[in-house]
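Peer 1: Take a look at the letters that make up each chain.
Number of protein chains: 2
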Amino acid sequence: MSARKIKLTIEYDGAGFSGWQVQPGVRTVQGDLEAAFASLARRDTRVHGAGRTDAGVHALGQVAHSETDLTLPVEKLRAALNARLDDDVFIVSAEDVGADFNARFDAVSRSYAYLMGFTESPLWRGRRWLVKGAMDRDAMETALVPFAGVIDCSSFCLTGSEPKHHRCRIDRISLEWSSEHGEMLVLRIEADRFLRGMVRSIVGTLVEIGRGRISAESIQEIIDARDRSRAGPTVPPWGLYLERIEYEREA
Amino acid sequence: MSARKIKLTIEYDGAGFSGWQVQPGVRTVQGDLEAAFASLARRDTRVHGAGRTDAGVHALGQVAHSETDLTLPVEKLRAALNARLDDDVFIVSAEDVGADFNARFDAVSRSYAYLMGFTESPLWRGRRWLVKGAMDRDAMETALVPFAGVIDCSSFCLTGSEPKHHRCRIDRISLEWSSEHGEMLVLRIEADRFLRGMVRSIVGTLVEIGRGRISAESIQEIIDARDRSRAGPTVPPWGLYLERIEYEREA
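Protein chains in written order, with our numbering: chain Z, 110 to 360; chain P, 110 to 360.
Note that these hints are calculated values from the structure, not bench results. All clues stand as given, with none of them false.
No copy is singled out in the list; a pair is fine if it fits within one copy or between any two copies.
Computed cross-link-like contacts, DSSO-like style, restricted to lysine-lysine with a CA-CA straight-line distance of at most 30 Å:
(1) Lys241 <-> Lys114
(2) Lys185 <-> Lys241
(3) Lys185 <-> Lys114
Looking at chain Z on its own, in the form it has when it is part of the complex:
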């Protein structure tokens, strides 16, 4: 008999976690979810995420799957797990899925947002990165153009991670300016996959362009160089949100 498989959609405030992935001796989202399952099922349970988020990174719609022998209706299971989780992580939805569902390998795209504020704000602290100085909006918009389609993102990949290849299919990248709560800038990017530190390196590069320290025209060279040292710095994790993971439509 194959075990029941559950798909979970999870929101978390990254501030209190050393990232997604289980690591000994530190608090992680995966670790807390596995502990919640273990407490409920009274047996070790693995929770498999669609992707790792770094320490401090938030998620609105992380996705994971898990196998379980629990027979509770899925909404009761969700409630029972949430009752075992602290208030900085919450299972937004849970559904029964087929035995072949895999949160990581079945994902067809992932969407991240990076929030920047230009004014200090007690109510946004730990929620957006405070950027100092004026930005050249046109230069930043111009620099988005080369980020379309399948590109090699080696220049935006943190060293230390060793993916098999660095090609990413970027489906969407945009900058949205708002002034509802102080001047604010949001980068949104959707791609089939993300390399470690990729969004934060792209943002760091765009901000250098906005400040005039890198020219908008040189972005193509930076991409072509496939060299992390050519790009801008990696900006802090607390502005980053994993917004959504898309799966193939059900047949």
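Please build the complex by placing chain P on the supplied structure of chain Z, with the hints as guidance.
Peer 2: Same frame as chain Z, now just chain P:
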């Protein structure tokens, strides 16, 4: 020689404060601001707010005035005060004003927002009130109608406060629904003055109407009764934001 007078606009996260007003033995926004002035000026300094906010209530644009002998340019003064404040309170702007300016008595209107969420959210915890159950939107909209113009708000005033009168001129009241980050509802209200607990009592009453426990038509009776016991409960402070205080345009 009359002392220099400064107008401050202040943002704060209410979670860490026992409200605006100085009270012995607890942390308050006014207390922290006065301590920052005292540390800078090396003398006791009073900071006079436009109005009090209760424990836990947030502010995006609280206004206060203070007299000081400090001669720093106002932007340097603001920076020096902010350097002496914790990161949950921030002086957004500071300006020199005439000796007759009074943050409280010169205010012509105040605007509050109350944020409600219908789904639990780690990223919104302490920032909006989690409301359970479905709401009848039409009934809630209908119930806004009597809150226009000068009305007696006795039914929405926390007992224990004893204002001279209970008349408030409500200039604007609205409900905005959004679903950008889970279902969310924002009540915005602008008035010349607010009684203690007034926004939170109005919200509590509207939610009872939304749930069908009070009929939308009875809101006029509740107002006319001038009796706090007729209205709905006072909802929690962490959904409430003092958004803005307006002053007469400069001549």
